[in-house]
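**Student:** Protein chains in written order, with numbering that gives the first Met the number 0: chain U, 0 to 444; chain Z, 0 to 444.
A couple of the hints might just be wrong.
27 Å max Cα-Cα, derived DSSO-like pairs, lysine-lysine [as the list claims (entries may be wrong)]:
| # | chain 1 | residue 1 | chain 2 | residue 2 |
| --- | --- | --- | --- | --- |
| 1 | U | Lys-88 | U | Lys-53 |
| 2 | U | Lys-53 | U | Lys-134 |
| 3 | Z | Lys-290 | Z | Lys-210 |
| 4 | U | Lys-394 | U | Lys-226 |
| 5 | U | Lys-226 | U | Lys-290 |
| 6 | Z | Lys-311 | U | Lys-210 |
| 7 | U | Lys-311 | Z | Lys-311 |
| 8 | Z | Lys-210 | U | Lys-311 |
| 9 | U | Lys-84 | U | Lys-63 |
Looking from chain U toward chain Z, a few residues come up when the C-beta cut is under 7 Å (computed) [to be verified]:
| # | residue |
| --- | --- |
| 10 | Gly-169 |
| 11 | Glu-286 |
| 12 | Gly-300 |
| 13 | Leu-312 |
| 14 | Ile-316 |
Here are the computed distance ranges between Cβ atoms for each label pair [said to hold, decoys possible]:
| # | chain 1 | residue 1 | chain 2 | residue 2 | range |
| --- | --- | --- | --- | --- | --- |
| 15 | Z | Asp-1 | U | Lys-145 | 38 to 46 Å |
| 16 | Z | Arg-16 | U | Lys-391 | 51 to 59 Å |
| 17 | U | Asp-346 | Z | Gly-417 | 52 to 60 Å |
Derived by calculation from the structure, the hints in this document are not laboratory data.
Treat the numbers as computed from the prediction; the structure is a model and nothing was measured.
Glycine included, every Cβ here is placed at the ideal spot set by N, Cα and C.
Number of protein chains: 2
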Amino acid sequence: MDYFFYPKSVAIFGSFREGSIAREILRNIVEGGFEGEIIPVNPKGGIIEVAGRKFEVKRRLTSKVDVSIIVIPAKLVPGLIRELKGLTKGAVVISAGFSEVGNVELERELINAAREAGIRVIGPNCAGIFGVYGKFFGSFEVRVRKGGLALISQSGAFGGAALAMGNEEGVGFSAFVSYGNAADLNESDFLMYFADDPNTKVIALYIEGVKDGRRFFDALRYASSRKPVIILKAGRSTSGARAAASHTGSLAGSYEIYRAVFRQAGAIEVEEMEELFDAAKVFEMYESSGKRVAVITNSGGPGVLATDKLEKLGLEIAKLREDTVARLKEFLPPQCSVRNPIDLIADADYERYRRTIEIVCEDDNVDALLVICVPPIFISSGEIARAVIDAKCKKPIVVNFMAGALVREGVALLEEHGIKNFPTPERAAKAIYWLSLRKGDRVIS
Amino acid sequence: MDYFFYPKSVAIFGSFREGSIAREILRNIVEGGFEGEIIPVNPKGGIIEVAGRKFEVKRRLTSKVDVSIIVIPAKLVPGLIRELKGLTKGAVVISAGFSEVGNVELERELINAAREAGIRVIGPNCAGIFGVYGKFFGSFEVRVRKGGLALISQSGAFGGAALAMGNEEGVGFSAFVSYGNAADLNESDFLMYFADDPNTKVIALYIEGVKDGRRFFDALRYASSRKPVIILKAGRSTSGARAAASHTGSLAGSYEIYRAVFRQAGAIEVEEMEELFDAAKVFEMYESSGKRVAVITNSGGPGVLATDKLEKLGLEIAKLREDTVARLKEFLPPQCSVRNPIDLIADADYERYRRTIEIVCEDDNVDALLVICVPPIFISSGEIARAVIDAKCKKPIVVNFMAGALVREGVALLEEHGIKNFPTPERAAKAIYWLSLRKGDRVIS
Numbered sequence: 000m001d002y003f004f005y006p007k008s009v010a011i012f013g014s015f016r017e018g019s020i021a022r023e024i025l026r027n028i029v030e031g032g033f034e035g036e037i038i039p040v041n042p043k044g045g046i047i048e049v050a051g052r053k054f055e056v057k058r059r060l061t062s063k064v065d066v067s068i069i070v071i072p073a074k075l076v077p078g079l080i081r082e083l084k085g086l087t088k089g090a091v092v093i094s095a096g097f098s099e100v101g102n103v104e105l106e107r108e109l110i111n112a113a114r115e116a117g118i119r120v121i122g123p124n125c126a127g128i129f130g131v132y133g134k135f136f137g138s139f140e141v142r143v144r145k146g147g148l149a150l151i152s153q154s155g156a157f158g159g160a161a162l163a164m165g166n167e168e169g170v171g172f173s174a175f176v177s178y179g180n181a182a183d184l185n186e187s188d189f190l191m192y193f194a195d196d197p198n199t200k201v202i203a204l205y206i207e208g209v210k211d212g213r214r215f216f217d218a219l220r221y222a223s224s225r226k227p228v229i230i231l232k233a234g235r236s237t238s239g240a241r242a243a244a245s246h247t248g249s250l251a252g253s254y255e256i257y258r259a260v261f262r263q264a265g266a267i268e269v270e271e272m273e274e275l276f277d278a279a280k281v282f283e284m285y286e287s288s289g290k291r292v293a294v295i296t297n298s299g300g301p302g303v304l305a306t307d308k309l310e311k312l313g314l315e316i317a318k319l320r321e322d323t324v325a326r327l328k329e330f331l332p333p334q335c336s337v338r339n340p341i342d343l344i345a346d347a348d349y350e351r352y353r354r355t356i357e358i359v360c361e362d363d364n365v366d367a368l369l370v371i372c373v374p375p376i377f378i379s380s381g382e383i384a385r386a387v388i389d390a391k392c393k394k395p396i397v398v399n400f401m402a403g404a405l406v407r408e409g410v411a412l413l414e415e416h417g418i419k420n421f422p423t424p425e426r427a428a429k430a431i432y433w434l435s436l437r438k439g440d441r442v443i444s
Numbered sequence: 000m001d002y003f004f005y006p007k008s009v010a011i012f013g014s015f016r017e018g019s020i021a022r023e024i025l026r027n028i029v030e031g032g033f034e035g036e037i038i039p040v041n042p043k044g045g046i047i048e049v050a051g052r053k054f055e056v057k058r059r060l061t062s063k064v065d066v067s068i069i070v071i072p073a074k075l076v077p078g079l080i081r082e083l084k085g086l087t088k089g090a091v092v093i094s095a096g097f098s099e100v101g102n103v104e105l106e107r108e109l110i111n112a113a114r115e116a117g118i119r120v121i122g123p124n125c126a127g128i129f130g131v132y133g134k135f136f137g138s139f140e141v142r143v144r145k146g147g148l149a150l151i152s153q154s155g156a157f158g159g160a161a162l163a164m165g166n167e168e169g170v171g172f173s174a175f176v177s178y179g180n181a182a183d184l185n186e187s188d189f190l191m192y193f194a195d196d197p198n199t200k201v202i203a204l205y206i207e208g209v210k211d212g213r214r215f216f217d218a219l220r221y222a223s224s225r226k227p228v229i230i231l232k233a234g235r236s237t238s239g240a241r242a243a244a245s246h247t248g249s250l251a252g253s254y255e256i257y258r259a260v261f262r263q264a265g266a267i268e269v270e271e272m273e274e275l276f277d278a279a280k281v282f283e284m285y286e287s288s289g290k291r292v293a294v295i296t297n298s299g300g301p302g303v304l305a306t307d308k309l310e311k312l313g314l315e316i317a318k319l320r321e322d323t324v325a326r327l328k329e330f331l332p333p334q335c336s337v338r339n340p341i342d343l344i345a346d347a348d349y350e351r352y353r354r355t356i357e358i359v360c361e362d363d364n365v366d367a368l369l370v371i372c373v374p375p376i377f378i379s380s381g382e383i384a385r386a387v388i389d390a391k392c393k394k395p396i397v398v399n400f401m402a403g404a405l406v407r408e409g410v411a412l413l414e415e416h417g418i419k420n421f422p423t424p425e426r427a428a429k430a431i432y433w434l435s436l437r438k439g440d441r442v443i444s
């Protein structure tokens, strides 16, 4: 499926008038820096200018492309697919008006046409795809930062919202696919593909229901054996399942069965959108972690909140070795607490943080570090960020720099070095929890 | 205690050199627009300029003030308090170095001096106070927007971080008090005070432990009978309690006892910082709600996620009356779902949202509305915001406009009209849950 996510050429079929979806997609592709050939197609022809670049609109496609994006009226789609035989490898059908509104026959016709033409289809009724490393933004959704997350979404609107929120939450993306009605390619195909995609470190899947449970289980198990797979399943409650069924037409099925499948396959289930981002963020940074956590903070209260949450999640507050405690006592002011949580107190500076992180990191009773920073009083948050960046430590460090504008400098500096910030002590604690679910839970494929 | 939160005059004792805490507090008071008299005091005297205003530093206080803020070395504080007899009603002692570092005797001396002088004391070892409606920002912490929340924090650092985060989360504040060692006034006094403060709609309390449990219970019950009281108790876990004890010196006690006290007193306990903000936000808008919720959305997926969360929290997905369904069917396009969750689909505009909200609001099977908006495709999010604002409805409406930058216009417009946005469907659902805890749970005082 590389031709979808790393295409060398793309054709876009639709109306290119101002404000149209096809034009928005074209704009996104141009502005996203796509380096391959871009061919807009419409029977009316003409010249258009998009994002400062002029295009001749072809009346029909005559040369071969990797992928075609189709935004034409539903009833014309099967005919176009037949015409594209030999001209395109893949088709992304944005057009709606198929099985989701009861036009099951039209969707069958589309799929038959695609099978005959040897074309693989994403959609119909989808929001498109992004191949971020291929600089290919084949969707009208907001473009995203490059990173490790491949987001697979059954719902286009959910996907779009998640991309925009991911941008704000500091998530980086490798790819996005909204697969809509899944007439041809579905969640299982994408799981298999991204499992082997070298730019994807973590896969997140939003589903309401799947059609082929057996194949899904196999794909999920395979993908989870290669990298973390995060799942947000909508339709867990009775009312939610009923709503999902009416919304996607897919059988939501018993949530208990889904849960068992997720667990057995080694996937990581989250229950909220926010958790999806937090889990994705932490898995962009680290593969897994043990359960014994050391908390390092410059303020007692937030350290206690992190400790409460860690314990509630079944993690352990690491018992530091005697020699670790002794080494900390040697250079820390006497008011600091050297028991875990380690309180470096309000005037903690670069050196205090860096040395503490390094000493604690060497303790073999410690699997991961949770580093908290409330706005320091006499120095910038950037100094503390620098300490986290410079500290020599191979174990997972999850940071909670707290209080928005007051720590913006530190958070930005961390970001530049690939360290993602979690905005509260509890969310940082839960991030370590997600990591701990991967330890020893690997399924051998 | 009005002299603390609505003072007519303030004296500040400390060093006013560049970068000092006393100077930062003075700057905050001036920039915050305090309209009363401001008197900086330091034995060295001199002239200083702060925030564009010149002050003569008095060598000692000779006129009467409502409140004195004290940032001088700990050992000098009792003497100063004695000198202030008859000159100040209240003293906020920022200075640290008392019981929190083992100087119990010095703290006792401070309190004895205050009692003899008839001066009430906040602190020592605290971050100060804000009386937002008195335009009095008597702390070095970041200033906040005017609103309904009085935040009472045992931890100064937690309080400071919470103020800054509250600003980002859209919380509005009536007051803030960091009470530190609570040598004189403590959490119970502030609960009693803010219970009767007309500008305070909701009280939030961060505690690690309390000293006088009986008095605390009475104060909490009284305050909860007047308005919602949100509590975040740190030190719930074994390790957390131990850390809290070493941090504040207060006995954390058994969390089970605290929980029972909170519940019996009618307070609302939250378990995370983020929940504290969300609960505060919703109670700034509404007093309480029943359990039957209608979900209105322009995208199926997020509607399902909200439904799942509502059901998980024990709320009910309202069963709409037959005539409500009929009225909705009359004007909504046939693709819309008129079962709850009500899906207005992607092209929903101002009129579709407004009329739906009004019709659903009139249904007596519905107690509260959860209105979701993913970025609309052909109109601005401001239009949908306007529909929420214009809709005639007296029931609680909790909104989730989703996807950061893409709905910024709508969220800003809602804010202007006092409608606070919740960033995910799940957090909006939980906000209604907080409201539902107040229904019928009122304790009669």
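**Student:** Hint by hint, say whether it matches the structure.
**Tutor:** Hint-by-hint comparison with the structure:
no.	hint	result
1	U:Lys-88 to U:Lys-53	holds, 26 Å
2	U:Lys-53 to U:Lys-134	holds, 19 Å
3	Z:Lys-290 to Z:Lys-210	violated, 36 Å
4	U:Lys-394 to U:Lys-226	holds, 18 Å
5	U:Lys-226 to U:Lys-290	holds, 19 Å
6	Z:Lys-311 to U:Lys-210	holds, 25 Å
7	U:Lys-311 to Z:Lys-311	holds, 19 Å
8	Z:Lys-210 to U:Lys-311	holds, 25 Å
9	U:Lys-84 to U:Lys-63	holds, 10 Å
10	Gly-169	violated, 12 Å
11	Glu-286	violated, 26 Å
12	Gly-300	holds, 3 Å
13	Leu-312	violated, 10 Å
14	Ile-316	holds, 4 Å
15	Z:Asp-1 to U:Lys-145: 38 to 46 Å	violated, 56 Å
16	Z:Arg-16 to U:Lys-391: 51 to 59 Å	violated, 38 Å
17	U:Asp-346 to Z:Gly-417: 52 to 60 Å	violated, 40 Å
Hint violations for this structure: numbers 3, 10, 11, 13, 15, 16 and 17, all remaining hints satisfied.
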